[in-house]
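Going down the list, the sequences are from chains B and S.
In our numbering, each residue carries its 1-based index in the first sequence increased by 28.
In our numbering, each residue carries its 1-based index in the second sequence increased by 28.
It does not matter which identical chain is meant; a pair holds if it fits inside one copy or across any two.
Below, computed lysine to any residue pairings styled on SDA-like, alpha-carbon distance capped at 25 Å:
id : residue 1 : residue 2
1  : 104       : 42
2  : 154       : 166
3  : 59        : 215
4  : 104       : 86
5  : 83        : 226
6  : 59        : 101
7  : 168       : 216
8  : 83        : 45
9  : 59        : 195
10 : 104       : 237
11 : 59        : 188
12 : 104       : 239
13 : 154       : 126
14 : 154       : 175
15 : 154       : 178
16 : 104       : 223
17 : 168       : 199
18 : 83        : 43
19 : 59        : 216
Hint data in this document are derived by calculation from the structure and do not stem from the laboratory.
2 protein chains.
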Amino acid sequence: MAVIQGDMGRVSEFTVRRLSNYFRILNDLEKRQISTVSSARLAEMCGVTSAQVRKDLSYFGNFGTRGLGYKVEELKDAIVQILGLDHSWSMALFGAGFLGHALFFHNGFREDGFLFRHVFDVDPAKVGTTWSDVSISAQKDAQKILTDSPVEIAVIATPPDAARELVDMLVDVGIRGVLNFAPTQLSVPDGVWLRNVNLAVALESLSFYLSM
Amino acid sequence: MAVIQGDMGRVSEFTVRRLSNYFRILNDLEKRQISTVSSARLAEMCGVTSAQVRKDLSYFGNFGTRGLGYKVEELKDAIVQILGLDHSWSMALFGAGFLGHALFFHNGFREDGFLFRHVFDVDPAKVGTTWSDVSISAQKDAQKILTDSPVEIAVIATPPDAARELVDMLVDVGIRGVLNFAPTQLSVPDGVWLRNVNLAVALESLSFYLSM
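With the rest of the complex left out, here is chain B (with noise of 0.2 Å):
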């Protein structure tokens, strides 16, 4: 298998949305039993320039044989790799609304790795419910049950203002990685990695392509 070297603080995040698709991609290819692919067929399949995705593995190494193109499941698991999808990944949810019970439930999470340990609310109707395995806690307990019980990444599907009160505590917790669904722009200090994921720039995707 290639080794993963990668200079990866010049990778953008664009690139690796991309690594995503390719992922997913090889992931069918592999289920259909398809073993090879070429760079062209890849590209087109993630609607990109075969360029583009020569350009984004040789961040990581060399893959691929020029005119045999790559062996997909020795990219795909080196892109696994790559996208740190080799482990698991504890995960607490903040918000145990609508959005966080379709997140918590949501199936390709879980097959990725990516495992809720915790669940946080400040309503106390929801507060000793269940979902799965996971006891909904107040989220006035969170700093000392994620003290005791840590986890990589927390997930905040809360509305906005409890969203900004939130994000010192996790950075004072060790929470390393923050997703981000509510629906304002939060900040974290250098160390913390951040996705802001916002439901409208899809929805303003489809709009451009429509007023063309």
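Could you slot chain S onto chain B? The hints should help.
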């Protein structure tokens, strides 16, 4: 105001996604009554290079003045027009589960002018109940309802099998845009625009950076 000319066929989804980001940042600057911004400052706030900002905008016309930067309101209004956010879009939601509920009541959609006109579900217990001013209809009646009262965009928040079964009907009734949250890659014929939203992609981006 700069004329939106555009060579939009060449514009990649990534450019459109960045335009969405510029729009949010400019909106925020406008609220803070900041009237001009340099491409360097705008780029920094969006996490891209200023060359990227200039290149993205160059597809659509000449914006900004050397040494002075961009006029915030003018550039925001231009991007609103480019993204097709200068008028409203009517939408139908498929799947009135937890994710569907979260999407229906997501304020960001309404603020952008994306309005749900219909909600469909297969569950008889949900049909006839009301979300805001929209009554949930039986999914088997969708074709007739959407023929009589058409919408431009379908938002799919159903299980994957149901999503795949929906596509032909949506194309038949003249839907032009599909936003798919079901964890399956749908495909649509030419002339229909599709965005598959994969909630795991943002987590994979976090795990990439956390693994460095």
